[in-house]
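Protein chains in written order, with UniProt numbering: chain A, 1 to 310; chain B, 1 to 365.
It should be emphasised that the hints constitute simulated quantities derived from the structure, not laboratory data. Honestly, I wouldn't trust all of these hints.
Computed far set for chain A versus chain B, every beta-carbon distance over 10 Å [to be verified]:
(1) Gln18
(2) Gly37
(3) Ser55
(4) Arg73
(5) Lys103
(6) Ser134
(7) Gly136
(8) Arg176
(9) Gly183
(10) Ser235
(11) Asp238
(12) Thr279
Partial selection, computed: residues in chain B whose CB lies under 10 Å from chain A [as the list claims (entries may be wrong)]:
(13) Ser198
(14) Gly199
(15) Met204
(16) Pro208
(17) Gly213
Ranges of calculated distance between the beta carbons of each label pair, as one might list FRET restraints [stated by the list, open to error]:
(18) B:Leu224 x A:Ser295: 52 to 60 Å
(19) B:Ile350 x A:Gly215: 50 to 58 Å
(20) B:Val308 x A:Lys57: 50 to 58 Å
(21) A:Lys152 x B:Leu18: 38 to 46 Å
(22) A:Lys12 x B:Lys13: 39 to 47 Å
(23) B:Ala282 x A:Ile132: 24 to 32 Å
Backbone N, C-alpha and C define an ideal beta-carbon position, used for all residues, glycine too.
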Amino acid sequence: MLETINLSKSFKGKKVVQDLNFYLNDGESVGLLGPNGAGKSTTISMISTLIKPTSGKIILNGVDAVHKPGEIRSVSGVVPQELALYQELSAYENLKFFGSIYKLKGTELEKAIQQALEFVGLEDRKKDLVKIYSGGMKRRLNIAAALLHRPKILILDEPTVGIDPQSRNHILEAVRALNQQEGTTILYTSHYMEEVEQLCDRLYIMDHGKVIAAGTKEELLSILSTEDKIKVELSRIDEDIVQQVETIEGVRKIEVAELQLRIIAAKGSNLISKLVHLTEQHHIQLINFHTESPSLEDVFLHLTGRKLRD
Amino acid sequence: MKSVLWAQFLKDKRNPLLILLFIAGSIVATLILGGGVQSVTTVAIFSEEANASEIEEKWGALLNTNDSFKFEIVDPEEAREDVRDGSSDVAVNLSEDDYRLLVSKRMPGVSYVEQHVASVFQQEVQISAVESQEDGNVRDEMEEYLADAPFQLESQGVDGEQIPKFNIRTQLLFAFTFLISMFIIGFKVNNVTQDRVSGIWDRMILSPVKKTGMYSGYLLYSFLITMLQIVVVLIMFKYVMDYDVGNNLWLIILISACFTFGMISIAMLITGFVRTPEQFYAIYPSLIPLIPLVSGAYMMPGTITNPVLLFIADLFPNAHAMEAIMSVVFYGAGLQEVTMSLLYMLLIGIVAMGVGINLVERRSS
Ligand SMILES: Nc1ncnc2c1ncn2[C@@H]1O[C@H](COP(=O)(O)OP(=O)(O)OP(=O)(O)O)[C@@H](O)[C@H]1O
Ligand SMILES: [Mg+2]
Numbered sequence: 001m002l003e004t005i006n007l008s009k010s011f012k013g014k015k016v017v018q019d020l021n022f023y024l025n026d027g028e029s030v031g032l033l034g035p036n037g038a039g040k041s042t043t044i045s046m047i048s049t050l051i052k053p054t055s056g057k058i059i060l061n062g063v064d065a066v067h068k069p070g071e072i073r074s075v076s077g078v079v080p081q082e083l084a085l086y087q088e089l090s091a092y093e094n095l096k097f098f099g100s101i102y103k104l105k106g107t108e109l110e111k112a113i114q115q116a117l118e119f120v121g122l123e124d125r126k127k128d129l130v131k132i133y134s135g136g137m138k139r140r141l142n143i144a145a146a147l148l149h150r151p152k153i154l155i156l157d158e159p160t161v162g163i164d165p166q167s168r169n170h171i172l173e174a175v176r177a178l179n180q181q182e183g184t185t186i187l188y189t190s191h192y193m194e195e196v197e198q199l200c201d202r203l204y205i206m207d208h209g210k211v212i213a214a215g216t217k218e219e220l221l222s223i224l225s226t227e228d229k230i231k232v233e234l235s236r237i238d239e240d241i242v243q244q245v246e247t248i249e250g251v252r253k254i255e256v257a258e259l260q261l262r263i264i265a266a267k268g269s270n271l272i273s274k275l276v277h278l279t280e281q282h283h284i285q286l287i288n289f290h291t292e293s294p295s296l297e298d299v300f301l302h303l304t305g306r307k308l309r310d
Numbered sequence: 001m002k003s004v005l006w007a008q009f010l011k012d013k014r015n016p017l018l019i020l021l022f023i024a025g026s027i028v029a030t031l032i033l034g035g036g037v038q039s040v041t042t043v044a045i046f047s048e049e050a051n052a053s054e055i056e057e058k059w060g061a062l063l064n065t066n067d068s069f070k071f072e073i074v075d076p077e078e079a080r081e082d083v084r085d086g087s088s089d090v091a092v093n094l095s096e097d098d099y100r101l102l103v104s105k106r107m108p109g110v111s112y113v114e115q116h117v118a119s120v121f122q123q124e125v126q127i128s129a130v131e132s133q134e135d136g137n138v139r140d141e142m143e144e145y146l147a148d149a150p151f152q153l154e155s156q157g158v159d160g161e162q163i164p165k166f167n168i169r170t171q172l173l174f175a176f177t178f179l180i181s182m183f184i185i186g187f188k189v190n191n192v193t194q195d196r197v198s199g200i201w202d203r204m205i206l207s208p209v210k211k212t213g214m215y216s217g218y219l220l221y222s223f224l225i226t227m228l229q230i231v232v233v234l235i236m237f238k239y240v241m242d243y244d245v246g247n248n249l250w251l252i253i254l255i256s257a258c259f260t261f262g263m264i265s266i267a268m269l270i271t272g273f274v275r276t277p278e279q280f281y282a283i284y285p286s287l288i289p290l291i292p293l294v295s296g297a298y299m300m301p302g303t304i305t306n307p308v309l310l311f312i313a314d315l316f317p318n319a320h321a322m323e324a325i326m327s328v329v330f331y332g333a334g335l336q337e338v339t340m341s342l343l344y345m346l347l348i349g350i351v352a353m354g355v356g357i358n359l360v361e362r363r364s365s
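One chain only, chain A, in its complex shape (with noise of 0.2 Å):
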């Protein structure tokens, strides 16, 4: 398990993270979610060991990584995120090169390339020149390049910016196909929602420096509100069964709109038990039922009052 306790940093005095307390369980994937500068990339740098905290300590499975970083380096594969590549090499030679460094020789070496060229999909394109890739193609290889080593912890910085949807999917899948049939730990830092959401078992928000919210997705959600918003579709709706959903505990408000129902409950009044439970005895069908939830996106406005993204 890796974990940081009162992690800071400063630059010429500026506080860039301040007081970050982040765990990371084995084969987790958690999310590290917030706005340009908030000091994502400072807290990854710390906790890949390339830059020195100002305070603060950072221990893997019971080792202070500030002062021993070896571990966590051949342990970890760092995804920058800028394209730490050479451009002027084909795909093929980048990686030869990058598991070189890793001490990779031989078939072994090539076995590790053919693998994270597949990975990430450029198995066909990898005597091409990287400067000739598409800006996708290129954050794909930058991926790749971490892979060679078989991490256990994969820490990803920002590696879906300014990419086309079909490399974002690609990398997205990759990264959830890493963790979920590798069991690689994942860190995946990102100013995307969505992505974050769709990956990650458990989150950080972080805002000028500071974690300002964590936990799993429905802890945060649950942050912002205290009600739940309900669309049911009935195949027939009568007075009986809106006069007694109205009896539901929790219930606070019924609107009747044809053959739907909207209802707003209290968080955790276990509305759709209930619901399934009583169109059964009215013998009625539910059709459908959808919750509006509120995003992630409407926590990150509630605490900052600002939006996530411009």
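Since chain A is already given, all that's left is putting chain B with the ligands on it; use the hints.
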């Protein structure tokens, strides 16, 4: 280190044009600026005095004593025209006991012509001063005396072989070759900054590669590619263009190697002061051409006498390399005679490298 070296090599293999251009550049620069393939530079002389032909003949004979120049009597108009349109660099306007140089551009060869003409005129002034006080044929006596002097000067190499006389073209060959080398070194050493900015450096830091391995990969590659350029150019000039580069090519290569090491360190030192490769490109090329200028690499040895300039020149490997090479090529010096120069260059290299790498490392933390 091997991986770093390999990646640097691959990049150049993909794009060898730059290195080839640099090698061609050092050859072309030497040929053009050093006065061409022919071993003798022709210098036009003329006079516009009343007794022009007499004067021209007298000085023509006196001036044509140096193997490197051929002084040719030319029509004054023609000579002026040639200098004006740049087709010749220099012409000499003679009068009874004075001269004027017509110079189109300050080519390095010009100062050598200037020096030669000046010394011939000076000698003549001395002779006629003596003549005016004593009667008799002083000149004949002097020549007679010199022909059978009590001690004779004859230059010989340590191994008894004939040593070529000083020759500005050979000096310029090395001056230009080293100038181009310094640019190659700059380009290659700047890869450190380039890779730091791109994030490749960080990838290496996180990998098991050691810092020393990283630096030595970049620097060794810079060294090897620069030595390739120097050796190719030297071999071209020695065997294809028949330049005098002395009989001790290995020693010259050793001196060049020390020079290259010293200059790589200077480039590393500059790297320590910059944040981006662009900053390096702004500083390095404007600084580097000054070093051979201050070191007098384009001028006759001993032309620069200003102690401040001499001191500054001594801080860079250029002056030491030129001095060592000139003494090997023209005076047949051996390893022992140039050891001091080699040590100076190594010392400059070690100090600059130490400071440079320290600055780079401090930047990153
Ligand atoms: N080396 C540095 N020196 C000075 N200030 C820095 C340095 N690195 C980062 N900063 C500052 O720290 C703050 C946080 O930067 P950081 O790169 O960590 O943000 P980020 O969350 O990754 O932003 P983005 O989404 O734009 O990548 C910024 O204000 C930035 O200007
Ligand atoms: Mg960032």
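Here is what the structure says about each hint:
For A:Gln18, the condition that its CB be more than 10 Å from all CB atoms of chain B holds, with the nearest at approximately 20 Å. The Cβ of A:Gly37 sits about 19 Å from the closest Cβ of chain B, beyond the 10 Å cut-off, so the non-interface label holds. Every Cβ of chain B is farther than 10 Å from the Cβ of A:Ser55; the closest lies at roughly 15 Å, confirming the non-interface assignment. Its beta-carbon lying about 5 Å from the closest one in chain B, A:Arg73 breaks the requirement of being farther than 10 Å from that chain.
Against the 10 Å criterion, A:Lys103 falls within the reach of chain B, whose nearest CB is about 6 Å from its own CB. A:Ser134, annotated as away from the interface, keeps every beta carbon of chain B farther than 10 Å; the closest lies near 18 Å. Residue placement check: A:Gly136 keeps its beta carbon more than 10 Å from all beta carbons of chain B (closest about 18 Å). The beta carbon of A:Arg176 is kept farther than 10 Å from every beta carbon of chain B, the shortest such distance being approximately 24 Å.
A cut-off of 10 Å between C-beta atoms confirms that A:Gly183 is not in contact with chain B; the least separation is 21 Å. No beta-carbon of chain B comes within 10 Å of the beta-carbon of A:Ser235; the shortest separation is about 59 Å. Distance to chain B confirms A:Asp238 as a non-interface residue, since its nearest Cβ pair spans about 66 Å, more than 10 Å. Distance to chain B confirms A:Thr279 as a non-interface residue, since its nearest Cβ pair spans about 58 Å, more than 10 Å.
For B:Ser198, the suggested interface contact is upheld, since its CB lies about 6 Å from the closest CB of chain A, less than 10 Å. Hint status for B:Gly199 relative to chain A: holds, with the closest Cβ pair at about 3 Å, below 10 Å. Because the closest C-beta pair between B:Met204 and chain A is about 6 Å apart, less than 10 Å, the hint holds. Interface restraint check for B:Pro208: the shortest CB-CB distance to chain A comes to about 6 Å, inside 10 Å, so the restraint holds.
At its closest, the beta carbon of B:Gly213 sits 9 Å from a beta carbon of chain A; the interface hint therefore holds under the 10 Å criterion. Separated by about 58 Å at the C-beta atoms, B:Leu224 and A:Ser295 satisfy the suggested range of 52 to 60 Å. Taking 50 to 58 Å as the suggested C-beta distance range, the pair B:Ile350 and A:Gly215 conforms, at roughly 56 Å. Distance hint for B:Val308 and A:Lys57: a CB-CB separation of about 55 Å, consistent with the stated range 50 to 58 Å.
Between A:Lys152 and B:Leu18 the beta carbon distance is about 42 Å. The supplied range of 38 to 46 Å therefore holds. A beta carbon spacing of about 42 Å between A:Lys12 and B:Lys13 agrees with the range 39 to 47 Å that was offered as a hint. With their beta carbons about 29 Å apart, B:Ala282 and A:Ile132 fall inside the hinted range of 24 to 32 Å.
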